[in-house]
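K.L.:
The chain contents come next:
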Amino acid sequence: MEPFRQSGRDKPPAAETDEEVMLRLKAGEEDGLDILLSRYRGPIYYHLYRMIWNPARAEELAQDVFLRMYRARKSYKPSAKFSTWLFRIATNAGLNELRDGRMRREKEISSDTEGGEVAAGRVAARVPTPEREVLTAERNTRIRAAVDALPENQKTAVLLHKYQGMDYGEIGEILGVSQSALKSLLFRAYERLRIELRPLVAAGGEREEQEAS
Amino acid sequence: MNNEMSDELTRHLREEEIVPYLEGKLPEARRAGLDGHLQGCGDCRAHMDELRSVMAEMGEWVVSEPPETLGAFDAAVRTRIAAEGDAGSGWLAGWMQPQPRPAWGLALGVLVLGAAGLWMLPRDTVTPDDGIAGLVIEADVDAVIRASGDDGVATGDELWMTDYELIQEFDALFEDGENGNSRL
Chain A
1 MEPFRQSGRD
11 KPPAAETDEE
21 VMLRLKAGEE
31 DGLDILLSRY
41 RGPIYYHLYR
51 MIWNPARAEE
61 LAQDVFLRMY
71 RARKSYKPSA
81 KFSTWLFRIA
91 TNAGLNELRD
101 GRMRREKEIS
111 SDTEGGEVAA
121 GRVAARVPTP
131 EREVLTAERN
141 TRIRAAVDAL
151 PENQKTAVLL
161 HKYQGMDYGE
171 IGEILGVSQS
181 ALKSLLFRAY
191 ERLRIELRPL
201 VAAGGEREEQ
211 EAS
Chain B
1001 MNNEMSDELT
1011 RHLREEEIVP
1021 YLEGKLPEAR
1031 RAGLDGHLQG
1041 CGDCRAHMDE
1051 LRSVMAEMGE
1061 WVVSEPPETL
1071 GAFDAAVRTR
1081 IAAEGDAGSG
1091 WLAGWMQPQP
1101 RPAWGLALGV
1111 LVLGAAGLWM
1121 LPRDTVTPDD
1131 GIAGLVIEAD
1141 VDAVIRASGD
1151 DGVATGDELW
1161 MTDYELIQEF
1171 DALFEDGENG
1181 NSRL
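Respectively, the protein sequence lines represent chains A and B.
The numbering of the first sequence is my numbering, which starts it at 1 and goes up by one.
The numbering of the second sequence is my numbering, which starts it at 1001 and goes up by one.
This is chain A alone, in the form it adopts within the complex:
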């Protein structure tokens, strides 16, 4: 029997592109869902979490994203990059959540005690000391507050740009703006962050100088 080449069936799952996996899912091969979940549950969840800052709600919305992806499988056409399409669904879900005002993000931006944010802020190859952990937590908190204060589109653009490694075209497609507009949006966002985080950046520079000496 001739292999089902269109769907990439003769490839091992790890070698399949997202589009190929999605086409297999469209054809009824349910393991495609498992593959896409394993690839994207983390990125989608964290993208939503950074938008709304509510881990439980972010998880619910992330589930919604995959539910919508699954529902749309029968009409799926790989005309755009799969990740762009999926992140567009996720971004819209996050923006709707913000606009509906249903999010209950923490208003008290204090030292973050969630999970590994303290540990996650560590710079690689440095030995974490208690003092460094406190400073890192404080920095994370301030960055988070500054990003959170950005206008919706700027915030989303920065999150996609900085933490999803997407190129300008992809981000523009997700946000529904031209590449040129997206680049301007990013500049304005980083400009605001420059002003908000100036003390942080200055303190970071001083710390590095002290450690180097």
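Don't read these hints as lab results, they were simulated from the structure.
The model shown is predicted, which means the values in this text are computed figures rather than measured ones.
The beta carbon of each residue, even a glycine, is placed where N, CA and C say it ideally should be.
It is possible that some hints are incorrect.
Some chain A residues near chain B, calculated using beta-carbon distances under 8 angstroms [claimed, not checked]: (1) D34; (2) R57; (3) E59; (4) F66; (5) Y70; (6) R139; (7) N140; (8) K162; (9) S184; (10) F187; (11) Y190; (12) L193; (13) L197.
Knowing the structure of chain A, use the given hints to seat chain B on it.
P.N.:
Just chain B now, kept in the frame of chain A:
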């Protein structure tokens, strides 16, 4: 440095080129142009250095590894899919899915309001009441007076009147009549 610096920067450089330049993604010809300007403009150079530092600082901020709950994430998605059944994506499935449809909401709202409006239209209602106050009747004063046998007084039609008010009106009319002050 303040917001004026931002204006200064964007006066010298095109806004949409700044981030690509900082990321090394600007085409060579344009990059050379910006390099040339920055070599001669200390303010813009300092501004760009700050932007570069902020972008680097942002890179230090990393959210932690997926929390424990994501371990059950896939199962939760599967459960929800199973609960929906084979939702697919056809037009019928779209109708069957509980998605917000503003047009339908608006139509339903109009129907509800219209029904409420119809319900509130004046109609004959006589509600039993232990006391005089609060009893609402639709009253044509002349008709009431004629029915009571006491004619000769016309105070105009009153569509809505509590019977307490009606009694007060009668008292006033009676007093006027006693005093010879007919309202005719």
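K.L.:
Now tell me if each hint is right for this structure.
P.N.:
These are the hints, each one checked on the structure:
no.: 1; hint: D34; in the structure: holds, 7 angstroms
no.: 2; hint: R57; in the structure: violated, 12 angstroms
no.: 3; hint: E59; in the structure: holds, 6 angstroms
no.: 4; hint: F66; in the structure: holds, 5 angstroms
no.: 5; hint: Y70; in the structure: holds, 6 angstroms
no.: 6; hint: R139; in the structure: holds, 7 angstroms
no.: 7; hint: N140; in the structure: holds, 6 angstroms
no.: 8; hint: K162; in the structure: holds, 5 angstroms
no.: 9; hint: S184; in the structure: holds, 5 angstroms
no.: 10; hint: F187; in the structure: holds, 5 angstroms
no.: 11; hint: Y190; in the structure: holds, 6 angstroms
no.: 12; hint: L193; in the structure: holds, 5 angstroms
no.: 13; hint: L197; in the structure: holds, 6 angstroms
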